[in-house]
Structure formats: structure tokens, C-alpha cells
Amino acid sequence: MPYDSRKDVRKDGRRPRCLPAMAALPVLLAMSAGAAATTATNAAPAAPMKTCFLYSNPIGESGWTYQHEQARKAIATSMAGKVTTKYVENVAEGPDAERVIRNFVQEGCKLIFTPSFGFMEPTIKVARQAPKVIFMNGTGYRTAPNVGAYNARYYEGRYLEGVLAGHLSKKGLAGYVSAFPIPEVLQGLNAFTLGMRSVNPNAQVKLIWVNAWYDPGKERAAANTLLTLGVDLLTYDTSSVAVVTAGEEKGVPTVGYYSDMSRFGPKTNLTSVVQTWTGFYTKTIEDVLAGRWKAAHTVGGLREGMIKMAPLNASVPADVREKFAAAEKDITEGRLHPFAGPILDQSGKQRVAAGQVLGAAELDKMNFLVNGIDGTPPK
Amino acid sequence: MENHLIASMLAATIVSGTPLILVAMGELVTEKAGVLNLGAEGMMSIGAVTAFAVALSGGGPVLAVLAGMAAACVMALAFGFLTLTMMANQVASGLALALFGVGLAAFIGKPFESTPLPMIAPVPVPLLEHIPVLGPALFNQQAMVYLSWAIVAAVLYFLYRSRWGLVLRAVGESPSSAHAVGYRVITLRYAAVAFGGAMAGMGGAFISVFYTPLWAEGMVAGRGWIALALVVFATWRPLRVVLGAYLFGGVMIAQLFVQGSGVQLDMPAQLMSSLPYIATIAVLVLISRNAHTIRLHSPASLGQPFRPDA
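Protein chains in written order, with the numbering used here: chain A, 1 to 379; chain B, 1 to 310.
This is chain A alone, in the form it adopts within the complex (with noise of 0.2 angstroms):
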């Protein structure tokens, strides 16, 4: 995940040296050699390039991994002869996925792409002995001379959620059922309440902690208690299907995030945030091939193409979707920012002026709930 317990980053000092383990090595490649899947070998004269991938959870159908690996196999099929790719799934944060990472080194590979935060310092610490290596971190901050970061603005489209919601709720009424209060988190409730709002400056986002990433049994227990409490629209930013699917059941609208999720829900499923990587992992590879990479910081949203709407559902009227669209047009020119001010805070205070916009250093602490959201504020 991107966002995995960022109180949780252990420094590396306080992280075992883990001997046991190093004497076990050879049955753990073995097993993490089982446990990859190689592809694209297509054994190309110019020796093209091995790149690798670490994902932190199992690939599965929809979400945050599939994500990734959707680019990781458009790469292997657009980039046939420059390169070749691999992965490894299910790699626990921690030392787990040092020891990966590593063996990704051993192995040649020359690019490695490690998205998720709590694979930040465990790339750091690797990148520091394997300076000919490049390695690209998603969702962490730090960068080092081989070390790339790479996040999105998954909050515009969350904000573009809300423009749909505000249209489409008719009671003004959206439920969202969240993970855990950090701030990336706490940026697409926001988003999407401020969305919802410059439609239909009453609306209210009823809001439920399940305090899980996954958990779809409770995800849907929220879900179904949001609709006995009277919302008639919802969203979610776990990573089950549960809230989808719940919608799709009672008829009632969602909107979905991390992948286009309209599969599982066709009749109700509005549109969903979806991360696609494909674009900068190409122009990433095509720079290092190139040799004009350099260690940078990129944070990319609907103009980059890091994230995009899934096609809307075709229950959405057409004077919606000419407005929804407008709005996007309006995000990906920079005409409009989802956190330009004013914008006050449940309690009423003002957090952000008019004529003002929050900056990327704020965002990255945000730590408060906007006007509009009934819900607890994060302690």
C-alpha cells in the first residue's frame, strides 16, 4: 500500500540484523525465486535491461498492486527487447523486503521499482551499497543520488468525485467508509467533501473509520450501516470490492478508487479514481536507457496522467457528465485547485485563506477534516 502506517516507519537502527535469516538465505531465494513470476524474456542481442518490481500486497483483481502491475506488463509488452521485467508480490515491509530488494541487486537487475512507503528506508539502505543501481520509490519522500520518489495527486480525483456526488446525491447525503486517518487519507475525504460541496454547498459526507485496510466483512458492515443512516451515495478508500459490490446489491451509487471498479458494480459503479503508472514507468526506463535520469521527487496528477477517471456510468445524465467533465478540464489545465481557500475546518476555523492554495509540504501533514464531514476528527 502507499500509505501503510506511516507512524510505523522504523528507523534503521532499531531494525534486528537478522543472522538467522542470512544463514537461511539460500531456501529464501529459492522460495522468493518460487514465488516471482518472470516474464518478457525475449533474449534480445543488445542486453536489454532488467528491471524489477516489489509489490508489498498480492496482485489480485482490482487495487493498489494490480495498479502497478498493470504497467509492469504494458512495459513488458511495449518495451519487448529493452528490457526485461520481474517481480515479487507479498513482500512484508520491514526487513523482509531489504532482503528482496537486495537479492533484486544480485540478480542484475539494474532499475527497481519499490511501490510502497513502507519500502522507502529498506530502498535506502540498499541504494547506499548499490550505487549503480537505480531505484525509484513510490509514495516515499526521500531521494538519494539513485534514489527516485513518485506519488500522484490521487486527491483530484476524489475531488472530481465529489463534483459527481454533489450532482448525483439527491438528499446531499454521501457515506464514505475509510481506512485509517493519515494524511493521504485525509486529503480525499477532504477533496471529495470540497467537490461535493461546490455543487451543493449543504451536502454532508457521513463518515466511518474501520480502522483496516482489508477487511471486507467490516467494510461492508459500514457500508450497509451509511445506507440504514440515509446516504444515498457512497465511497470508500479500503481495498475491497465490499462497498462497490453493497451499492450494486441495494441500488445505490459509488464511487470507487485505485482501479476502475465498474465490473463490480455496472449499474450503480459512477466512476472510479484509477492510478495508472504506465506512462512514467516507459518515460522512467526510456530516461535511464537514455542516460538522462536524475533523482527526483515526481508527483503527478490528472495532467500527468498518473491518475485518470474511469469512463462515467451510463446512468450519469448528460448535463452532469458536460460539468464533470469541465471540471476535469479546469484540474488538468491548473485552473482549479481542489484546496484553494477558502476552506474551513469541522470546528469552523479557517485553514486555508481566500486567494490561497495549500502547498505540497501541508498536504503532506494535513491533519484535519474539512466543514461538511460528520464524522471524528483523526486524534
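These aren't lab readings, by the way, just hints derived from the structure by calculation. One should not assume that every hint holds.
[As the list claims (entries may be wrong)] Distance condition first, Cα-Cα at most 25 angstroms in a straight line; then the derived DMTMM-like pairs of lysine to aspartate or glutamate: (1) LYS110(B) with GLU89(A); (2) LYS110(B) with GLU69(A); (3) LYS110(B) with ASP260(A); (4) LYS349(A) with ASP266(B); (5) LYS110(B) with GLU61(A); (6) LYS308(A) with GLU322(A); (7) LYS250(A) with GLU2(B); (8) LYS365(A) with ASP266(B); (9) LYS50(A) with ASP96(A); (10) LYS250(A) with ASP266(B); (11) LYS267(A) with GLU113(B); (12) LYS379(A) with ASP266(B); (13) LYS73(A) with GLU113(B); (14) LYS308(A) with ASP260(A); (15) LYS50(A) with GLU107(A); (16) LYS170(A) with GLU89(A); (17) LYS170(A) with GLU2(B); (18) LYS171(A) with GLU2(B); (19) LYS250(A) with GLU129(B).
[Said to hold, decoys possible] Here are some of the chain B residues that sit facing chain A, going by a computed Cβ distance under 10 angstroms: (20) HIS4; (21) PRO19; (22) PRO116; (23) PRO118; (24) HIS130; (25) ALA170; (26) GLU173; (27) SER177; (28) PRO213; (29) GLY218; (30) GLN255; (31) LEU256; (32) MET267; (33) ALA269.
Nothing here was measured: the structure is a model prediction, and the numbers come from that model. Each residue gets a CB set at the ideal place from its N, CA and C atoms; glycine is no exception.
Please build the complex by placing chain B on the supplied structure of chain A, with the hints as guidance.
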């Protein structure tokens, strides 16, 4: 609070308690026979994935549940072979079973990860469903919910009113005495272990086919472990297990409702999420704080292997 809110909270409570009741009833009978099987989480996962696979291939809910029960039962019997026949350590074998089951279920489930099934409609009980508040909550439920009540009644009757129940308890208390009077301890323990497996499979099937009709890795989400803890905290008494399961489900649903209602409690949401665990354990510990009754109800030979003299 409005009536329909109370009714839907009650209904949701019952649904979220049901898998715990099913699994815990199986574990209770297993432990009453003196066998400690910690593999509930693994057996539930296998039951869930098998039932889901059968339902997805058009087997219908009844066949799906039966398949889930059978699959978990096979796992339980493997555990029985290790611990009863081979005399392996029950705690270690149970933990291995839990880990193995969760992993194997993830492996089997790969092809149908996140493919949702259509929701199975609840079965209203005629007349009773019209009772105000309680009617919609208690008598407009999934068929499996009614089945769970029947199973509790059957377990109660079996353990405390039937001769074989007495024998089973004797096997758990003093296997050597039961053996001495001519009962086949190992066979009975195999039966209890198999029943425990089948019930864990049923609990898993309830989750993947009825509760949240989808399969996803890790979807059992610790419910097997909660069921194990319930049995102990309920001091091996079936009705207290039921109370604990509904209490757990109830506090979980209530905290969702409290959050969704916008009631501002001066408490972090994370702490609210731990309330079901705290409340359930606290209540069960309070009602069973008499050390004498705990000793009376804990099967004396729990976890100890038994080798009948030739």
C-alpha cells in the same frame, strides 16, 4: 432512536455474530472432548474459499456450504491424524494448521479473487417477521442464521441431555476412565475434531457466500482467532459463547453506527475499533470470575494426548 435504526443494528449484530457462533460451537465440542485445535482460522479460510468456488460454479448455496464444511473437515481430520494418531503436540499442530489453511486458501482462491457473487436473499419467517423492531431484526435473516440457532440448541442438548454428550465430556475430563469403561477415546475425539472442522467450514462459508459474497485473500480477518478466544472466555459454556459472539458483533456494529451518526465521542476511532474485543472479554470475564466454575467447566485433559493401553 428510531425503530428502524434499532432493528437494523440488531439485524447487523446478529449477522456479524453468526460466523463466530458457528466456529465457536465446533471448537467448544472439540475442546470438550479434550482436544485443543487452534487451526480455526485456517479451516475457516479453506471452508470459505471452497464454498465460494462451488457457489461461483453454480452449485447453489446449500451445496456450497456442504462443500466448505467437507473441505474444512478434511483439514480437521489431518490435524486429528497428527495429534490423535501420531501424538503430535496439539498447540503446534493447530498453529501450523491455521497458517497452512490461510496460505492454501489464498493459493486456491487466486483465480476468483474479488469476483463477487449475487447476494443471497434473506428468508423471512411468516408472522414473526411482523413483530415490531424484533421481527425485522430476528426473523428476516439469512437461512444460515436460523441454522446457527438450531446448532446451538443441538449442541446444548447433545452435551448436557444426551448419553453420548456425557461420554464425550467424560473423554475430555478423564480419557483413561472413559477408556477403562470401554469407550473408544480416540474414535470419539476424531468425531469431535471432525465436527469442529465442519463447523469452522460452515462459518467460513457463511462469510464468503452469505455475509460478504466474494472471495478475497485474508477475508476471514481473524474471526477464527476470535472464536477460539470466545470459547475460553465463555468458560466452555455454549450460551455464554453465543452471548460473547453477539456482544462482539453488537459492539462492532454499534461503534460503526455511533461513528456514522456523527456523535462526537472524545475517543480516537482506533480505540473505538478495539472496543468489541475489550467489551466482550470484560463481560465474559466478569460473569465467569468464580474460579470454581472455571475449573468445573474447563475440560481437564484439554490439549493432552492420550494413548490407550493395548
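### Task
Measure nothing beyond the straight line between the CA atoms of LYS170(A) and GLU89(A); if it is 25 angstroms or shorter, mark the hint as holding.
42 angstroms, violated
### Query
Per the CB criterion, is PRO118(B) less than 10 angstroms away from chain A?
With a closest approach of 8 angstroms, the PRO118(B) hint holds.
### Task
Using Cβ atoms only, decide whether HIS4(B) comes closer than 10 angstroms to chain A, and label the hint accordingly.
It holds, given that the least Cβ distance between HIS4(B) and chain A is near 7 angstroms, below 10 angstroms.
### Message
The hint names ALA269(B) as touching chain A; please verify it with the least Cβ-Cβ distance against 10 angstroms.
### Response
4 angstroms, holds
### Query
Is LYS110(B) close enough to GLU89(A), meaning Cα to Cα at most 25 angstroms?
Cα-Cα ~13 angstroms, so holds.
### Message
Min Cβ distance, ALA170(B) to chain A: is it shorter than 10 angstroms?
### Response
38 angstroms, violated
#### Entry: Hinted pair LYS170(A) and GLU2(B), Cα distance within 25 angstroms
The hint holds at about 22 angstroms.
### Query
LYS349(A) and ASP266(B): Cα distance at most 25 angstroms?
Holds, at about 19 angstroms.
### chain A contact restraint on PRO213(B) - CB to CB distance below 10 angstroms
7 angstroms, holds
### 25 angstroms limit on alpha-carbon distance, applied to hinted pair LYS308(A) and ASP260(A)
Holds: LYS308(A) and ASP260(A) sit about 10 angstroms apart, inside 25 angstroms.
### Task
Starting from LYS50(A), check that the Cα of GLU107(A) is at most 25 angstroms away, please.
Measuring from Cα to Cα gives roughly 9 angstroms; hence the hint holds.
### Message
Interface hint check: MET267(B), Cβ to nearest Cβ on chain A, cutoff 10 angstroms. Holds or violated?
### Response
8 angstroms, holds
In summary, the structure is inconsistent with hints 10, 16, 24, 25, 26, 27 from the numbered list given earlier, while agreeing with the others.
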